[in-house]
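Position chain B relative to chain A; hints supplied.
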Amino acid sequence: MKDDELRALTGACAKCGTCRTVCTLYPERKAEISVARGKIALIDAALEGRDGNLDAVQEALADCLLCGRCERACPNQVLVEEILMKGRADVARKIGIPAWKQVLFGKVMPSPRGREAARAAASAAQKLFAKKIPTGSGLHYRFPEAFGLAGRTVPKLPARGFIESLKPGEAAAGDVILFVGCVFDHVFPRVGRASYESMKASGKPIAVFRDAACCGLPAMVSGDRESSLRCAEENVRRLRAAEAEKIVFPCGSCLLMFKRNLFSLVPEKHPLREDAVWVSNRCEDYATFILESGVVSRLPDPPEGEKVGEIGYHDPCHLSGTLGKGAEAREVLEGAVGSGFAEMKGADLCCGYGGTFNVRDYDTSARIGENKVSLAAGGGTRVISTACSGCILQLRDMAARTDPSLEIVHIAELVAGALSRR
Amino acid sequence: MDEKTISALREIYGERLKTSLEDRICYSYDATGKEFLPDAVAYPLNAEEVRRTVFLANERRFPVVPRGAGSGFSGGSLPVRGGVVLSTERMDRILSIDTENLVAVVEPGVVTETLKEEVKKKGLYYPPDPASLKFCTIGGNLAECAGGMCAVKYGVTRDYVLGLEAVLGTGELVRTGVSTVKGVVGYDLTRMLVGSEGTLGIITKATLRLIPLPESAATLLAFFPTNEKGAKAVAGIVEERITPCAMELMDRTAVDCVRQVADLSLPDETGCALLIEVDGQEASVARDADRVEGACRRFGALEVRRAADASGRDKLWALRRSISPAIRKVNPVKINEDIVVPRSRLAEMFAFLSGLAERKNLKIVNFGHAGDGNIHVNVMISGKDEDERRRAEEAVEEVFRKTVELGGTISGEHGIGIAKAPYMEMEVGPLGVSVMKRLKSCFDPNGILNPGKIFLEEAAVRR
Chain A
82 MKDDELRALT GACAKCGTCR TVCTLYPERK AEISVARGKI ALIDAALEGR DGNLDAVQEA
142 LADCLLCGRC ERACPNQVLV EEILMKGRAD VARKIGIPAW KQVLFGKVMP SPRGREAARA
202 AASAAQKLFA KKIPTGSGLH YRFPEAFGLA GRTVPKLPAR GFIESLKPGE AAAGDVILFV
262 GCVFDHVFPR VGRASYESMK ASGKPIAVFR DAACCGLPAM VSGDRESSLR CAEENVRRLR
322 AAEAEKIVFP CGSCLLMFKR NLFSLVPEKH PLREDAVWVS NRCEDYATFI LESGVVSRLP
382 DPPEGEKVGE IGYHDPCHLS GTLGKGAEAR EVLEGAVGSG FAEMKGADLC CGYGGTFNVR
442 DYDTSARIGE NKVSLAAGGG TRVISTACSG CILQLRDMAA RTDPSLEIVH IAELVAGALS
502 RR
Chain B
9 MDEKTISALR EIYGERLKTS LEDRICYSYD ATGKEFLPDA VAYPLNAEEV RRTVFLANER
69 RFPVVPRGAG SGFSGGSLPV RGGVVLSTER MDRILSIDTE NLVAVVEPGV VTETLKEEVK
129 KKGLYYPPDP ASLKFCTIGG NLAECAGGMC AVKYGVTRDY VLGLEAVLGT GELVRTGVST
189 VKGVVGYDLT RMLVGSEGTL GIITKATLRL IPLPESAATL LAFFPTNEKG AKAVAGIVEE
249 RITPCAMELM DRTAVDCVRQ VADLSLPDET GCALLIEVDG QEASVARDAD RVEGACRRFG
309 ALEVRRAADA SGRDKLWALR RSISPAIRKV NPVKINEDIV VPRSRLAEMF AFLSGLAERK
369 NLKIVNFGHA GDGNIHVNVM ISGKDEDERR RAEEAVEEVF RKTVELGGTI SGEHGIGIAK
429 APYMEMEVGP LGVSVMKRLK SCFDPNGILN PGKIFLEEAA VRR
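Quick mapping for you: the protein sequence lines, in order, are chains A and B.
With positions in the first sequence counted from 1, the corresponding number in my numbering is that position plus 81.
With positions in the second sequence counted from 1, the corresponding number in my numbering is that position plus 8.
Next comes chain A alone, as it looks inside the complex:
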């Protein structure tokens, strides 16, 4: 990536300060370095060679949830996410990427086998070191403070992933491809299964994308563009060859990668560009597919008077915000649970996960998340549904910390549940 490219992007920032109004992190930090305007100034300074300490610059750039609010509010349409990811990559090239991330993004994530092995190892570690706790969304493990995981809860990892659980030949061919995503395959196979079963109700043959590489987003936000590009190349080639009519994503963050970030990795004139555009044009979110393929109209009438107004929808930043797909999910919910759905308090607030952000500053991530969950529960919501893997991981952990009786589900689970009443 050339400096000129980055400079052209940062040059659009007029330093007006609008980003301060919407930043998820600003109320926590109350410091200019946490908002887009400050980070853009740091990148500009680094481009001019005024970077005192690259580690500190990287630290500042990493201190962001990439929720995209500043970008959507910006009167000058500054591409903040693109700038931050490019900035992180630039600095990472100079100071290097930590060894554990190199192995994870470069070796494990692009390979389906590698991820299966990793899940098995993690599952074993979980049983050995963490404490079991029951929650509204099933069994979780709470890690002890000593692990550097600061008492967080993570879902009990299953023995087998969703794709592994498919019978040979099952969901092997079809016009519609289901891109499950790592988390809904390995951590919450139930979501992968619910997505698959509910999509089948469209009457179209559904193929589960078995050879998927990771979508590449975790590597990209960590500044490891090389690994991210490797994932993108694998995925684009295979998806192009599969000649599908549609590629459906239950996870908003994976979808963002294919709808938008892909084009930063594969710019114009890149040999893969044409195929990437072809693939991207066929990608859509789970709710849109369920609506447009007529599944919602085929659902039985939801039971009256059950859980009235207790089911809310949490807007994933990437899906509802950046990709503008909030209305579709709500329409699906109204079809699936009827009067059970009600607009949740603080629905569009970021959950505070931010992928790697949750790892580097769990305390802040948890404060933002707990606030979100408490606000929703205070407004009478008992079930928080959503459509992003990161949000589900975070909301479950936050529910375990504040109100373990809260249920956190993917909208596909509610649709599958409604179908089972037929």
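Treat the hints as calculated values from the structure; they're not laboratory data.
Treat the hints with caution; some may be incorrect.
As the list claims (entries may be wrong) - Lysine-lysine pairs mimicking DSS-like chemistry, simulated, CA-CA at most 27 Å apart: (1) Lys124(B) to Lys96(A); (2) Lys392(B) to Lys426(A); (3) Lys129(B) to Lys323(B); (4) Lys129(B) to Lys426(A); (5) Lys142(B) to Lys130(B); (6) Lys337(B) to Lys392(B); (7) Lys96(A) to Lys142(B); (8) Lys371(B) to Lys410(B); (9) Lys426(A) to Lys388(A); (10) Lys182(A) to Lys237(A); (11) Lys426(A) to Lys128(B); (12) Lys129(B) to Lys111(A); (13) Lys237(A) to Lys188(A); (14) Lys371(B) to Lys42(B); (15) Lys128(B) to Lys111(A); (16) Lys142(B) to Lys161(B); (17) Lys96(A) to Lys130(B); (18) Lys426(A) to Lys124(B); (19) Lys327(A) to Lys248(A); (20) Lys111(A) to Lys42(B); (21) Lys96(A) to Lys337(B); (22) Lys124(B) to Lys111(A); (23) Lys142(B) to Lys111(A); (24) Lys96(A) to Lys240(B); (25) Lys371(B) to Lys426(A); (26) Lys285(A) to Lys248(A); (27) Lys323(B) to Lys161(B); (28) Lys368(B) to Lys410(B); (29) Lys426(A) to Lys130(B); (30) Lys128(B) to Lys142(B); (31) Lys124(B) to Lys161(B); (32) Lys111(A) to Lys327(A); (33) Lys96(A) to Lys42(B); (34) Lys392(B) to Lys142(B); (35) Lys111(A) to Lys213(B).
To be verified - Residues of chain A clear of chain B, computed beta-carbon distances all greater than 10 Å: (36) Glu113; (37) Ala126; (38) Ala141; (39) Arg153; (40) Gly177.
On a predicted model such as this, the values are computed, not experimentally measured, just so you know.
By construction, the Cβ of each residue, glycine as well, lies at the ideal position given by its N, Cα and C atoms.
Here is chain B on its own, set in the frame of chain A:
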């Protein structure tokens, strides 16, 4: 700044003192696009910390620069001589809202919109509405005497300040003014501090006047074929004895800009758009809106749109709101001036501006708060062409001369800072400047507070 000074500051602020290059870069800019690196940044939590800082600064002689949200257009918060930036963003409590006496007491870091929203919950109104109200702070508003769209009816920040607590340049904590509507005890130090751009004192607490919230409002958007007709309509509305709470005029250059970015289905011949809002009691709002509409039509409006409900009004405002993002498509660098002329001279000023743009071969986009004669003159340049920049600077000077000639003022609401320092004497004269300097030395004998601002010989040059 030497090690000893830094460690003395650290004694006051602990972890809230930042000296890394990264932290300092983040407090080196404001909305002018200029950058000056401070030596340190501190986040005070109370007046005592501010007082100790200024006291120390007198002892060790370093500049102290107060800062709100850094959203100013004249460089008021830029540390042009280095020193320590005191960012008031953590002094952000609303201390009280007194519904009996209609008074609010706030810390300087409270965001303007937050205050407006909080008092609204109690049926009250804090009118000042600078365009940056979502992020700018009351402290910054006070220091610059911010205005806004509603100034035509409700006035500016100055009109809503009853009393202040501030740290003077000597490190003394002074309380000025009153917490009552009236008060004439001695000189009006409160008004001295308001608009003093942080050069006389650092405001640590403000007692603000509130008024009852108007119960309803209606918005009208009128399109005219020429600026002249639009400007005449402004005068016509005022002659109807109506005071709208907003009267925003966009001239042909601004209309052409928004036409390119959004489909707002304007009449083809539109050369000027006028947005008018009236507020008050429901019955009077409807009557005023009728009369405004009548006046617009009399002065040759091509079309008048009108809305009284929130979503309809919002749609009409979309045109006005889309200007700022739209004008950056004209050229990336904006030289933004905020002159004011008497309302009756608006048409003349617009004619002058369009001639000037042609003469100097520049792109100048004009819009603004026509109700109070305040025009935002935006000279849009590429930023890469030295000759273009020189022509722009000449044009700005001509605009200021014309403004003064028409009986106006060169800055309605942005302040002088560093951006307008070279032109101040043009308006206030040598004696005016001299009296101001004498006052400055009373409040801040050692020149500690925000040095390099307002006065020319101290003004910093563009870096």
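Exercise for the section: Quickly compare the C-alpha distance for Lys96(A) and Lys337(B) to 27 Å and report which way the hint goes. Expected result: Holds, at roughly 16 Å.
Problem - Lys124(B) paired with Lys96(A) [C-alpha distance capped at 27 Å] - result: 24 Å, holds
Problem - Given hint Lys111(A) paired with Lys142(B) - CA-CA distance at most 27 Å - result: With Cα atoms ~15 Å apart, Lys142(B) and Lys111(A) stay inside 27 Å; holds.
Practice task
Mind checking the alpha carbons of Lys182(A) and Lys237(A) for me, to see if they're no more than 27 Å apart?
Solution key: 23 Å, holds
Exercise for the section: Please settle this one: Gly177(A) was flagged as non-interface, so is its CB more than 10 Å from every CB on chain B? Expected result: 19 Å, holds
Exercise for the section: Sort out whether Lys161(B) lies within 27 Å of Lys323(B), counting only the CA atoms. Expected result: 22 Å, holds
Exercise for the section: Sort out whether Lys42(B) lies within 27 Å of Lys96(A), counting only the CA atoms. Expected result: Distance of about 10 Å is within 27 Å: holds.
Handout entry: Proposed proximity, Lys323(B) with Lys129(B) (alpha carbon, max 27 Å)
Key = 24 Å, holds
Problem - Satisfaction of hint between Lys124(B) and Lys426(A), Cα-Cα up to 27 Å - result: Satisfied, since the Cα-Cα distance of roughly 22 Å is no more than 27 Å.
Exercise for the section: Below or equal to 27 Å on CA atoms is what counts here, so check Lys129(B) against Lys111(A). Expected result: 25 Å, holds
Handout entry: Agreement of Lys285(A) and Lys248(A) with the hint, judged by alpha carbon distance not exceeding 27 Å
Key = 19 Å, holds
Exercise for the section: Quick one: work out the minimum CB distance from Ala126(A) to chain B and report holds if it exceeds 10 Å, violated otherwise. Expected result: 5 Å, violated
The structure fails to meet hints 2, 17, 24, 25, 32, 34, 36, 37, 38 from the earlier list, while all remaining hints are met.
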